[in-house]
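Since the structure of chain S is provided, determine the placement of chain F on it from the hints.
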Amino acid sequence: MNLFDSNLYLGRPTRGAYAPAATAVELLAEMDRQGIGRALAWHVAQRDVSPVTGNAMLSEAIAGQPRLYGCWTILPPQTREVFRKGEDFFAGMGRNRIIGLRAFPGQHNFLLNRQVFGKWLDVIAARRIPLLLSLENGVTWPMVYQLLEACPTLTCVLCDIGIWGVDRYTWPLLENYPNVCLETSLVALEDGGMEATVAQYGAERLLFGSAFPARYPESAILQLRHAEISDEDRHKIASTNLERLIAQVALEAEK
Amino acid sequence: MSYATLKEAFYAEGAVTDCPVYDLHGHMGAYYGISFPRPDAAGMVHAMDRAGVKLLVFCHHGTLMTPDVGNAANIEAVRRYPKRLRAYCGINPNYPDVIARDIAEYDQYPDVYVGVKMLADYHGYALTDARYAPAWELADRNELLVLIHTWGGSLYDGPAIVRQAAERYPHARILMGHSCHGEWDKAIALVKEFPNLYFELCAVLDERGVLERFVGETGSERILFGTDLPWFNHHYYIGSVLGAQISDEDRHNILHRNAERLLAKYEL
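Chains as they are written, first to last, in the working numbering: chain S, 1 to 255; chain F, 256 to 523.
Please keep in mind that the hints were generated in silico from the structure rather than gathered at the bench.
The model shown is predicted, which means the values in this text are computed figures rather than measured ones.
Just so it is clear, CB atoms sit at the ideal spot from N, CA and C, and this is done for glycine as well.
Check the hints yourself; a few may be wrong.
What the hints assert, rightly or not - Estimated spans, in silico, between C-beta atoms of each pair: (1) S:T140 / F:N349: 46 to 56 Å; (2) F:E263 / S:E228: 15 to 25 Å; (3) S:Q248 / F:P337: 48 to 58 Å; (4) F:P425 / S:T140: 57 to 67 Å; (5) S:D48 / F:P450: 34 to 44 Å; (6) S:N113 / F:P425: 53 to 63 Å; (7) F:N349 / S:D122: 53 to 63 Å; (8) F:T321 / S:Q248: 48 to 58 Å; (9) S:A19 / F:A444: 21 to 31 Å; (10) S:N113 / F:E392: 54 to 64 Å; (11) S:D231 / F:E263: 11 to 21 Å; (12) S:G162 / F:E263: 29 to 39 Å; (13) F:A415 / S:D48: 27 to 37 Å; (14) F:A444 / S:P172: 38 to 48 Å.
If we strip away everything but chain S, and leave its shape as in the complex, we get:
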């Protein structure tokens, strides 16, 4: 099974974690141990230190590592910390193999909504840049609903969706917003949850994720290997859905 992991991080978090990967080399070694070919990574310093510092650390870490793509973390454009005046943000993403964005509104003290991000939401949506939001990292369901109501075409990947079964939250989003996908590290936890989601909305809406180092990659891998879905759907979830999302991202320079 060719695995392209949509949800893992490198770096050592403030509050510690069991055997994290401090560097890209360590992360690649762990991926090799797990049979994970490629990954869309973020750096925990983006959350725990500062998005500006962490974004730079991530870019440096994945430079020259063709198996790793990155997500930068965004902040409200008004403070000009991440979206800087005079800099082409999207061209910078392209130069650094950054093909996704993350936001941690709870930790970073802002509201992820239209009032704050204004036209940036439309630009991100038009460029088909995936915005990855972790429900374990400062994002709430009402926040997700309001964001997507404000920008229904946004490519949004919901990660770490919760351990107690959240189909009543996720399925209305899958029904109403065609560019919403779910990362599987906790979809896989719900007994029968992956099969039910695939039957209802198609395998195209799920992206394999391990949530390393917070969770054991073997959990999501073993579940996916033996999920009662077709091999074609398994292949989509394992890698081709994320490949498709990346192929759609437009990072050409602003005119």
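Below, chain F without anything else, positioned relative to chain S:
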């Protein structure tokens, strides 16, 4: 076909003949907070087959949430799948009269019950409240399994309450469901101190590194596998056990040997 490791075997086959799985923490039926894809007995046995789960010990959600369903739901399901299911007699301290009746009738169901289940956080009485006493005394007298929901910080079933119960009922085989979730050090201390206490891994395994601490501190002989089925997927949690930095001997203990030892006196 033989494999070098359990991980290779489960990855290839999904179910492994020489590593049957015993799930000692299950439920059954619909529940208000979640939309379950397959919560009925047939769906759950199908899920068990997929992962090589030989036996599930469960307590029906209906039993735990209302005496209007009661233990009849457990009895009916076990008798429908007698080779795959056993039940905990559900105890709700809000209904002492129902407890008295169910305890009086317990011995009528040797083919169904292997112990009792208490869900103190949800029922609103500490595990040590006198309302539970008839069930604890039954379990202590007969060395029954007692599956208790435990959670770190809880005034109803947190580590301090578990300690009191373990002291008071030394012959009951007490399974700490969720292993005092979050207060791992206190759970470890309890298992070290009380030989009648066991870790149970449901909702523990989605946090990487905790199982390694349990095994490192206490060995793997007092750790039991559980999933809250129909909540959580067997392959997901088996994958966690496979991913933990422990030995395959530890994995055999956790996935089946420890349960086989605890259930040896029952005809399964």
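Violations among the numbered hints, reported as their numbers in ascending order: 1 and 4
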